[in-house]
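Modelling step: build the complete structure from the supplied sequences, incorporating the hints.
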Amino acid sequence: MPHVQPADQKTGDIAALLLAHYDVHARDLPWRNRPGEGLPAPYHVWLSEIMLQQTTVAAVGPYSRKFTERWPDFSALAAADEADVMAAWAGLGYYARARNLIKCARAVAVGHGGQLPATEAGLLTLPGIGPYTAAAIAAIAFDQRAVVVDANVERVVSRLFAISIPLPAAKPIIREAADAITPGIRAGDFAQAMMDLGAGICSVKAPSCMLCPLQSHCDAFGLGNPEAYPVKAAKKAKPTRRGTAYWVEREGEVYLVTRQDKGMLGGMRSLPDDGWNSRTNGDGKAPFTASWQHLDNIVQHEFTHFTLSLRIAVTALGSDANPPGGGMWWPVKSLDKAGLPTLFTKVAKAVLASGER
DNA sequence: GAAGCGTGGGA
DNA sequence: TTCCCAAGCTT
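Residue numbering for the first sequence follows the working numbering, starting at 1 and increasing by one per position.
Since the hints were made in silico from the structure, they are not lab data. Check the hints yourself; a few may be wrong.
[To be verified] As a list, the in silico BS3-like pairs of lysine-lysine whose alpha-carbon atoms are at most 25 Å apart:
(1) K238 - K205
(2) K235 - K205
(3) K103 - K337
(4) K205 - K171
(5) K285 - K349
(6) K171 - K262
(7) K285 - K346
(8) K238 - K103
(9) K103 - K262
(10) K10 - K171
[Claimed, not checked] Computed beta-carbon distance windows for the label pairs:
(11) E249 - E302: 23 to 29 Å
(12) I165 - D13: 20 to 26 Å
(13) G284 - N33: 52 to 58 Å
(14) W329 - E69: 27 to 33 Å
(15) P131 - N225: 27 to 33 Å
(16) W329 - R70: 24 to 30 Å
Note that the Cβ used here is the ideal one computed from N, Cα and C, for glycine as well.
Quick look at the structure:
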């Protein structure tokens, strides 16, 4: 049975109170239009929503500006060199998003006449757009009523209705409750207001209930334990994996490879490695025979689901030497433009500081 | 349904 | 330090 009543006094009040609060306190974000400017461009909404997946507003800001300046619309992004896009995304993480970003831009340019579909169902067919993003774009860019549920909304809703079933089992109930409080007009503003509320007042820890426009409607506040929601299942322990990265230098240039599209850091330029991944240690075998010098310091890097403890091996080659494989030589002085994932940026920094070269 | 997939910041 | 988490999607 549903935990939440159909549209009643409480659910109707919530939208009105939240929208009134939003009209005064909405955050001014680069991808948002100011009041009175109408709906933001679908391209800008889409780009920001993809970047914001599992990523903080602060981290997205510079990337959003960089991308919209360099690729101002779908056709520009669809025509971009893939390596340029991947390099521009470097450091933002979850690189499958960048691969899907290119696929999606090309699908829009080729299959949809350069226009993003204006419906949730249409948006869901595109690469990198799932249930949350489809609803968010439909509401924010196309002013359609859509039930937008992200981690902020899950937190706010689970507190409003004191939902004690743990996530992820509670997702259907939370969605039902979010549907019940979503208004028929201003769905985009409502969605963004919920997310602003979750990002600020209704925070994970120590929520500012005294500032909350929904305080009087919040069951968790009434119970005195808002921080207890949402209830979550216990997490698994994070393993540590070991591996090696190889720094091969020849006349001021370092040898880089492009990783295969699937898996960790897929599609990104990287240093050669010994095959480490989230499940296994690297085999410690160098890509070719040379007089490798192992650095003393180990690079520790935290991924979401494992810790990597990485050794670094360094060698220098003569001018005529060539390692096997289809990599590329990259000038060390402009390594910052290679678009390396943060892990390998750390490795490069360690090598350059070591003097072993 | 669960696992895989980055990174940086806050407490 | 250590843990948790962020405007999730794909397989």
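Going down the list of hints, with the structure as the test:
Between K238 and K205 the alpha-carbon distance is near 23 Å, which keeps this suggested pair within the 25 Å criterion. Among the hinted pairs, K235 with K205 is consistent with the structure: their alpha-carbon atoms are about 18 Å apart, no more than 25 Å. As the CA atoms of K103 and K337 are separated by approximately 23 Å, the hinted pair is consistent with the 25 Å bound. A hinted pair counts as satisfied when its Cα atoms are at most 25 Å apart, and K205 with K171 qualifies at roughly 21 Å.
As the CA atoms of K285 and K349 are separated by approximately 23 Å, the hinted pair is consistent with the 25 Å bound. At most 25 Å may separate the alpha-carbon atoms for a hinted pair to count; K171 and K262 exceed this at roughly 29 Å. Distance hint between K285 and K346 is fulfilled; the C-alpha atoms sit about 21 Å from each other, no more than 25 Å. Restraint check for K238 and K103: not satisfied, since their Cα atoms lie roughly 32 Å apart, outside the 25 Å limit.
For the hint pairing K103 with K262, the CA-to-CA distance comes to about 15 Å; that is within 25 Å, so the pair holds. As the CA atoms of K10 and K171 are separated by approximately 21 Å, the hinted pair is consistent with the 25 Å bound. Checked against the hint of 23 to 29 Å, the C-beta distance between E249 and E302 comes to roughly 28 Å, which is consistent with it. A hinted range of 20 to 26 Å holds for the C-beta pair I165 and D13, which are about 24 Å apart.
Roughly 54 Å separates the CB atoms of G284 and N33, a value that falls within the hinted 52 to 58 Å. The supplied range of 27 to 33 Å is met by W329 and E69, whose beta-carbon atoms lie about 29 Å from each other. With their beta carbons about 29 Å apart, P131 and N225 fall inside the hinted range of 27 to 33 Å. Under the hint 24 to 30 Å, the C-beta atoms of W329 and R70, about 25 Å apart, fit the expected range.
Hints 6, 8 from the earlier list are contradicted by this structure; the remaining hints agree with it.
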